[in-house]
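A.B. asks: If you're matching them up, the sequences are chains A and B in order.
Residue 5 is where the first sequence starts when you use this note's numbering, and the numbers rise one by one after that.
Residue 153 is where the second sequence starts when you use this note's numbering, and the numbers rise one by one after that.
Among the hints, erroneous ones may be present.
[What the hints assert, rightly or not] One-sided and incomplete, this derived list gives chain B residues near chain A with beta-carbon spacing under 8 Å:
{"no.": "1", "residue": "181"}
{"no.": "2", "residue": "182"}
{"no.": "3", "residue": "228"}
{"no.": "4", "residue": "237"}
{"no.": "5", "residue": "245"}
{"no.": "6", "residue": "351"}
{"no.": "7", "residue": "361"}
{"no.": "8", "residue": "362"}
{"no.": "9", "residue": "373"}
None of these hints come from the bench; they were simulated from the model.
Since this is a predicted model, take the numbers as computed values, not measurements.
Don't be surprised by glycine CBs; every beta carbon is placed ideally from N, CA and C.
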Amino acid sequence: MSAHILPRRVYYTIFGILMLCTYLTVQIAFFDLGRLNTIAAVGIAILKATLVILYFMHVKYSPRLTAAVVAGSVFWFGILIVLTMSDYLTRAWRTFG
Amino acid sequence: MSPDAAHQHSDVPGLAHHFNSLEAQSEATTLGMWVFLVTEVLFFGGLFMVYTVYRSWYPDAFAAASHELDVTLGTINTVVLITSSLTMALAVHAAQLGQRRTLMIFLVATMLLGGVFLGIKSVEYYHKFAEHHVPGPGFQFEKEYVRHAQIFFSLYFMMTGLHALHMVIGFGIMAVMLWWAWNGTITKDYYSPIEISGLYWHFVDIVWIFLFPLLYLIGRHGH
């Protein structure tokens, strides 16, 4: 099969970055940064997930259709979060009306 | 197709009759696995959604309850699981090169790391039962947070429990892959089963990458 075979070095590099990110996310959690704590935690998690998807799961080297399906899952999850939160986060507004 | 070509086609190990080539079959199976993983994203997504709503409503109770989780064990488990993703990626790599022995070693390593993860998880669950942090009539917590902390721990057990169930299933899948690698089903040309099992394993790793900071790391400061 004529698959794109990555050199092992790529996997070790990604593993190293993932470990570094894990260390960072734990360290950051012990500082009080207000809202930035959540943003940093979720941001680092998204970065880690993206690296796993692109390199460990080979999406970077897969047909575009595969990448579209992956993006579709993120998009649909985004709809779930955005529409639901636009309801819950704005419920207090009725007290002004 | 001449009878000769048809005969050749049926001789390719692992190739189903409705595909022209192993490349076409491999692309189709990978895409099919990804479609399944999309349903998994939305399956877990519902729980992440509930978590987001309740955390936005009761941030203080969630921070106090999160503080009760063991961040050391959580961090060790994160390292264990990411390492198992590395061994899984290296298993797929070995399969691509047709290195049967290396493939089997990395599959066993992946299973061992998965087992370590589940072992640490059960130790954590044991602590939660001993500390009366399991939602229900026996639940004990600081009085002002007792109701809403139960919501956090309900989500904790549901999300990590569902994740652990996926780990157990993944362990079973790896056992089958080990069997197929051993009996020669997996070859340099036909390694799709290893590739898509790897996709499943990495997906379960990604779920944990989000669960870890959202459950263990909120409210580490100021409590």
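A.B. asks: Report the numbers of all earlier hints that the structure fails to satisfy, in ascending order.
C.D. replies: The structure conflicts with hints 1, 3, although it agrees with all the remaining ones.
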